[in-house]
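Chains as they are written, first to last, in my numbering: chain L, 1 to 299; chain H, 300 to 613.
With a Cα cut of at most 27 Å, we get these calculated BS3-like pairs of lysine-lysine:
#: 1; chain 1: H; residue 1: Lys522; chain 2: H; residue 2: Lys423
#: 2; chain 1: H; residue 1: Lys526; chain 2: H; residue 2: Lys422
#: 3; chain 1: L; residue 1: Lys34; chain 2: H; residue 2: Lys422
#: 4; chain 1: H; residue 1: Lys358; chain 2: H; residue 2: Lys369
#: 5; chain 1: L; residue 1: Lys34; chain 2: H; residue 2: Lys423
#: 6; chain 1: L; residue 1: Lys209; chain 2: L; residue 2: Lys30
#: 7; chain 1: H; residue 1: Lys512; chain 2: H; residue 2: Lys423
#: 8; chain 1: H; residue 1: Lys423; chain 2: H; residue 2: Lys526
#: 9; chain 1: L; residue 1: Lys188; chain 2: L; residue 2: Lys209
#: 10; chain 1: H; residue 1: Lys512; chain 2: H; residue 2: Lys526
#: 11; chain 1: L; residue 1: Lys36; chain 2: H; residue 2: Lys422
#: 12; chain 1: L; residue 1: Lys36; chain 2: H; residue 2: Lys423
No wet-lab data here; the hints were simulated from the structure.
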Amino acid sequence: MATIKELEALEEIETGKKYSRTSLYKDAWKRLRKNKLAMLGLLIVILLILIAIFASLISPYNPIERIKEDSSLGPSIKHFFGTDLLGRDIFSRVIYGSRVSIEVGVIAVGISVVIGLFFGALSGYFGGLSDAVIMRVADIFFAFPYILGAIAIMTILGPGIVNIFIAIGILGWASIARIFRSSILTIKNKEYIEAARAMGASNNRIIMKHIFPNSFAPIIVYATMNVGTAIIVEAALSFLGIGVQPPTPAWGKMLADSMSYIDVAPWMMFFPGLAILITVLGFVLLGDGLRDAFDPKLK
Amino acid sequence: MFYFILRRILQIIPVIIGVTLILFTLMYIIPEDPAKLILEKGATPEALQNLRVKMGIDKPVYVQYWRYIKQLAKGDLGTSYRYRRSVNSILADHYPNSIKLALAAIIIEVIIGIFAGIVSAVKKFSFWDILVTISTTIAVCVPVYWLGMMLQVAFGLKLGWLPMSGMGDGSLRYYILPAITLASVSTAFVARMTRSTMLEVLSNDYITTAYAKGLSNNMVIGKHALKNALIPVVTLIGVDLGSLMGGAILTETVFNWPGVGRTIYLAILQRDAPVVIGGTIILVIIFVAMNLIVDIVYALLDPRIRYEKKEIQI
Chain L
1 MATIKELEAL EEIETGKKYS RTSLYKDAWK RLRKNKLAML GLLIVILLIL IAIFASLISP
61 YNPIERIKED SSLGPSIKHF FGTDLLGRDI FSRVIYGSRV SIEVGVIAVG ISVVIGLFFG
121 ALSGYFGGLS DAVIMRVADI FFAFPYILGA IAIMTILGPG IVNIFIAIGI LGWASIARIF
181 RSSILTIKNK EYIEAARAMG ASNNRIIMKH IFPNSFAPII VYATMNVGTA IIVEAALSFL
241 GIGVQPPTPA WGKMLADSMS YIDVAPWMMF FPGLAILITV LGFVLLGDGL RDAFDPKLK
Chain H
300 MFYFILRRIL QIIPVIIGVT LILFTLMYII PEDPAKLILE KGATPEALQN LRVKMGIDKP
360 VYVQYWRYIK QLAKGDLGTS YRYRRSVNSI LADHYPNSIK LALAAIIIEV IIGIFAGIVS
420 AVKKFSFWDI LVTISTTIAV CVPVYWLGMM LQVAFGLKLG WLPMSGMGDG SLRYYILPAI
480 TLASVSTAFV ARMTRSTMLE VLSNDYITTA YAKGLSNNMV IGKHALKNAL IPVVTLIGVD
540 LGSLMGGAIL TETVFNWPGV GRTIYLAILQ RDAPVVIGGT IILVIIFVAM NLIVDIVYAL
600 LDPRIRYEKK EIQI
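Looking at chain L on its own, in the form it has when it is part of the complex (with noise of 0.2 Å):
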């Protein structure tokens, strides 16, 4: 019998084509390139990485120097957004605040990544008691408001960004749990895996080998936006008192420091919360963009 290899051949010479063979992840990179929107989200999240990374080379000022004569002074060409009471150039803060939000956001959902796929692989792929249990776990994770749970596990474990990606990452596992289980459920009983099993593949072996490749395109996009939520938690949290704490520079911080002063610096907060908007914006707009190119059918 011919191998699939050796009739594409055959195709390629009758025909005179070029035959590719594409995969899955291709194709969606395919459907991703032609949706605007995700390219301008994709766009947005470069940009902020590469602003996270060379802070020190954008920003015109050191965003914790105090330049006492150019307190509280409004937008202009020395100073794009203006001054805080204290001097402080907020464009640099901005500029420099990226790098909170974008840690929190990589380091934080990584973490709830993998202790959702552990737990969603055990929870799919045994089934039984096992899952019962951590199925309702989940449930008690998802009846617990959010922000609610991020304040109590931060006030136990005191503010810090380190802190807080442990918050995030353990607020955050529920969601990747389930979706891995159920794309697990699917997969589980496909024929392939069936064949692998009869060929004497171990679980371990299966589920990094099989299964783990072919249900990772959900958790990509849910990780995806999980990082914008993850984002304006952090920014809530800093926000609250309760996150990163001064003299490092975050959006949600600045937006606190701004409260006591919207009637005689309304700049000060204008910047930072556009900022994260901006951010959240480009994970969410990505996000939407892996969905619909993973799986065109669900638009």
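Mind docking chain H on chain L? Use the hints.
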């Protein structure tokens, strides 16, 4: 149907017990002595010890937890460390304010969200549709407290039309800004949901039939399409009422609204464990209860759901 409802109610109980367990453990880890919170600084060690015995906090944590659960079953949420009042009465003071704010937000959500959704579905790809799509995408990404602050500056400070914060005498003027802020994200979701279900319904054969009968556009959309399109939207709004109360923490902080979200937040900062646990339990109960009601209503409307759930459990 009876078994469906019974099963859903039974599923809730472990969730609520789990939440109390997590909260209790979390608040217990906080290394602070409640007796020191209650008594003044100069209290003698004996007085502190007496109070600890009286409060039962000298006992191991599982004994305390069991006692709390027994009290909870009777509806007693304990006594606040800070205010030395019963948690029930503190929450009773603040819950109505939060519920009123949530209802005001729901009204905005329903009116603006559904209207925007219908317009953008009926006039698909028109200017209005694009406007709705863009503004809902942005609304989902806006940090609520930032939106609240912007509204405060614009309408409270610059224009002077509306009060900037607080509840004042409780008149409608005080509700407008916080309600808009609280409703922003949900309104966007309602609009999107209405648009997509409406588009789905409009592609059905009976809509074509209705047009073929010569019915007016308003008649077809208002009578035939809307009723069917709104079922999922109504469920979304039902679930939202539950989550709006918990999500109000930021809105209530920005607007200094004397609601339950802000009360819990302040209690967390003050390490007032009974208020935190009690307030959160009530929030969770409201949340799961709303979900339950929505599920039951849905199952009544659509019998397929009752059977679907059984299959999933295999």
